[in-house]
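Colleague: Spelled out from the first residue to the last, the chains are:
Number of protein chains: 2
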Amino acid sequence: MTPQQELLKKLASKTDTKIVLVVMDGVGGIHTVDSAQTALETANTPNLDALAGRGATGRLIPCEVGVTPGSGPGHLALFGYDPLVPAYEIGRGVLEACGINFPLTPSMVATRGNFCSLGADGTITDRRAGRIPSDEGARICQKLQKAIPRIEDVKIHTRPVKEYRFCTIFDGPGLEPSIEDTDPQKVGLATLPARTTSATAAGKKTQRIVQAFLDQAFKVMADEPKANGLVLRGFAVDPGLPKFQELYKLTPCAIATYPLYRGVASLAGMEVLETGQTIADEVATLKEVWDKFDFFFFHVKKTDSNGEDGNLAGKIKVIEEFDAALPGILEMKPDVIAVTADHCTPYVMKGHSYHPVPLLICGPTCDVDATVAFTESECLRGSLGTFHSEKLMGLLLDNAGKLLKFGS
Amino acid sequence: MTPQQELLKKLASKTDTKIVLVVMDGVGGIHTVDSAQTALETANTPNLDALAGRGATGRLIPCEVGVTPGSGPGHLALFGYDPLVPAYEIGRGVLEACGINFPLTPSMVATRGNFCSLGADGTITDRRAGRIPSDEGARICQKLQKAIPRIEDVKIHTRPVKEYRFCTIFDGPGLEPSIEDTDPQKVGLATLPARTTSATAAGKKTQRIVQAFLDQAFKVMADEPKANGLVLRGFAVDPGLPKFQELYKLTPCAIATYPLYRGVASLAGMEVLETGQTIADEVATLKEVWDKFDFFFFHVKKTDSNGEDGNLAGKIKVIEEFDAALPGILEMKPDVIAVTADHCTPYVMKGHSYHPVPLLICGPTCDVDATVAFTESECLRGSLGTFHSEKLMGLLLDNAGKLLKFGS
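Each protein sequence line maps, in turn, to chains A and S. Just so we're aligned: the first sequence equals residues 1 to 408 in my numbering. Just so we're aligned: the second sequence equals residues 1 to 408 in my numbering.
It is possible that part of the hints are untrue.
No distinction is drawn between identical chains; accordingly, a pair holds when it is met within one copy or between any pair of copies.
Stated by the list, open to error - Restricting the straight-line Cα-Cα distance to at most 25 Å, the calculated cross-link-like pairs of lysine-lysine (DSS-like) are:
1. LYS10 to LYS226
2. LYS146 to LYS18
3. LYS226 to LYS249
4. LYS391 to LYS405
5. LYS155 to LYS186
6. LYS14 to LYS391
Don't read these hints as lab results, they were simulated from the structure.
Work the whole structure out from these sequences, hints included.
Modeller: So, in structure tokens, the structure goes:
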């Protein structure tokens, strides 16, 4: 636990107030000589503007000045975990397993798998097995699960994620995640064998088990028309994050559609809810469960996807879609609502960036400032200033009257 | 290595892009009731203004809030080394030795010396030996070097720096830098003997060698008309900083006229180039070597000297001189250019100060903001915000497309 978390843990108290944290993934943008307005500045957002008018704005540094975070570190920071603390590093395998609600325990090594197509010579011809549909992926996972339920004293769990993506979890004593990806990252190359980077007995055992799994799996899949091979990546164990309940005395839930975000939320102790694919579906879920929780992580994915695609119009449309859905959230009368992002995904960059993300907080003690829109340029002059994402939770808790005074 | 550096080291990759970091030494100023405009705000700087117009501005905290740095820590921070980490402390002797390109190794203890004038009673009558000219200082250094090439198993290197200033480097086994300055800091007092602050064998040996050097040197210099004495200060060893090549995968060079800045740059792994004394000379050097490097530390000294002298007009003149030279740098089309300072030297204070320094970055992803001048008041409202100098390198690397994403 970081000193910041020790402090919040000491001061947090259980109350009836409710906090909604809306993460509009990658919503922030940048200005360039040729592009003077960001998606947020262009979108028509009367409801966000009104919220900014009666709230306060500022900016969050997602990770560190100049350092562009992935979605994992970006969300960890928003949830109050310093993403640069090595103990909080979440491997991709664990994220993926949590994303499908697989109940990880400390003795499990989780991996993220891709089905691929292999040619007659055993080299990869398609790294995504022709993007087989999800039911096809699920069928092959079932076949693998049935054929390879255990190797030595290690239980093997193979579960579908989406299309050609799946998880394999190695569950047994004396394993460690020191295995390198078996993905050569290119077509025309053979998949790699299991290779440990560690000289320990656990490293050797894990390498042996994983290799045995690969050998058996390739046999089982040999007759598949498309997905006749697989690669395993991101070998990882649950980092055992301190949970929201323990840290903040919250009863938290997550409303998110994509596995990765559901995964991080689950590792932080949130109950990950089933929900639909649209923002309106997510609002409906929020309303349904309103009485059961006091912290709601509400994730909007497609601002990021459109930013990644360089699609300004698409990004604007998602922002406006959220703006239209916002009154539905406000109807529930959250004591504190924050709207922000895990990182910027400027459409002009077609990717994540390090830039500070806009932040809007509306709550009884937020210190209403002169800013009247949720945009990069307004947030730059807001009363909340610019600070690191991992400090946001303290601000939300205190606005919700959940933090005691420090010292007398 | 600090966590910040570990992170950048992990994420940095070699690319073809080029970064220019211009340090206008001490360029920042402050406002007082009687002095409403700083040198930067008064100077006529059309080129800097235009660069600000298509770039982003902000402010750097050179060392720590309220803490005034010397030039050493100020530059260390700009180069990404936390100046408050004790292992990164660079003794004055080492700075001086690096400044004259003396090739230090870990077994050497370097000191910075001043020649002084002694009266008949052996007390100091002039702490700078009447500011003897450089060739005079060089002649005496040669005389000392010839007379005292070695003491026991320790080689002695005595080298001129400038005027009455020189370096003596003690090069042998079992030495340590635990020797106090022999300078009494006042005329009318005798120079001090070598005194170690340590009880180790190395401390005793170093004290013995240094004292023997002092005894012999005073004899050798006894017949000099002015420089008939010397003091040694700043006993230090090379701190062994991780280098730019290792940290950032950069091939860096330094264009700076003064020994101290050349020294810090050399310790950070930069190739320290020969250059002329004017800003125009420095620009010419930059152009000559443009193809050989991907990071250029470009130092402008006299903004600081004029600030130290309380000379507003002089400071403005140097700023305008740099502004006139700026197009020559921009002609080379650096991918990223930053202009900032190691600390403020407000002319109203006639010395360094702790105040945040103005920062201007122009690069493809700098996030062009509404600021249109490189001044203290404009930088206060720039989109880069205010952050610690040691985080600047990350921002420059990312703007130059040299940093991978952190985490998935």
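Colleague: Should LYS155 paired with LYS186 be assigned to within, between, both, or neither, using CA atoms and 25 Å as the limit?
Modeller: Answer is neither; intra-copy 30 Å and inter-copy 58 Å both fail.
Colleague: For LYS146 vs LYS18, is the C-alpha pair at or below 25 Å within one copy, between two copies, both, or neither?
Modeller: Intra 45 Å, inter 56 Å, cutoff 25 Å: neither.
Colleague: Checking LYS391 and LYS405: alpha-carbon separation at most 25 Å within a copy, between copies, both or neither?
Modeller: Both: 16 Å inside a chain and 22 Å across chains, each within 25 Å.
Colleague: Cα distance capped at 25 Å. Does LYS10 pair with LYS226 within a copy, between copies, both, or neither?
Modeller: neither (55 Å within a copy, 37 Å between copies)
Colleague: With 25 Å as the alpha-carbon cut-off, assign the pair LYS14 and LYS391 to within, between, both or neither.
Modeller: Close inside one copy (19 Å), not across copies (33 Å); limit 25 Å.
Colleague: Regarding LYS226 and LYS249, is the shortest C-alpha distance of 25 Å or less found within a copy, between copies, in both, or in neither?
Modeller: Answer is neither; intra-copy 49 Å and inter-copy 42 Å both fail.
Violated hints, in rising order: 1, 2, 3, 5; the structure is consistent with all others.
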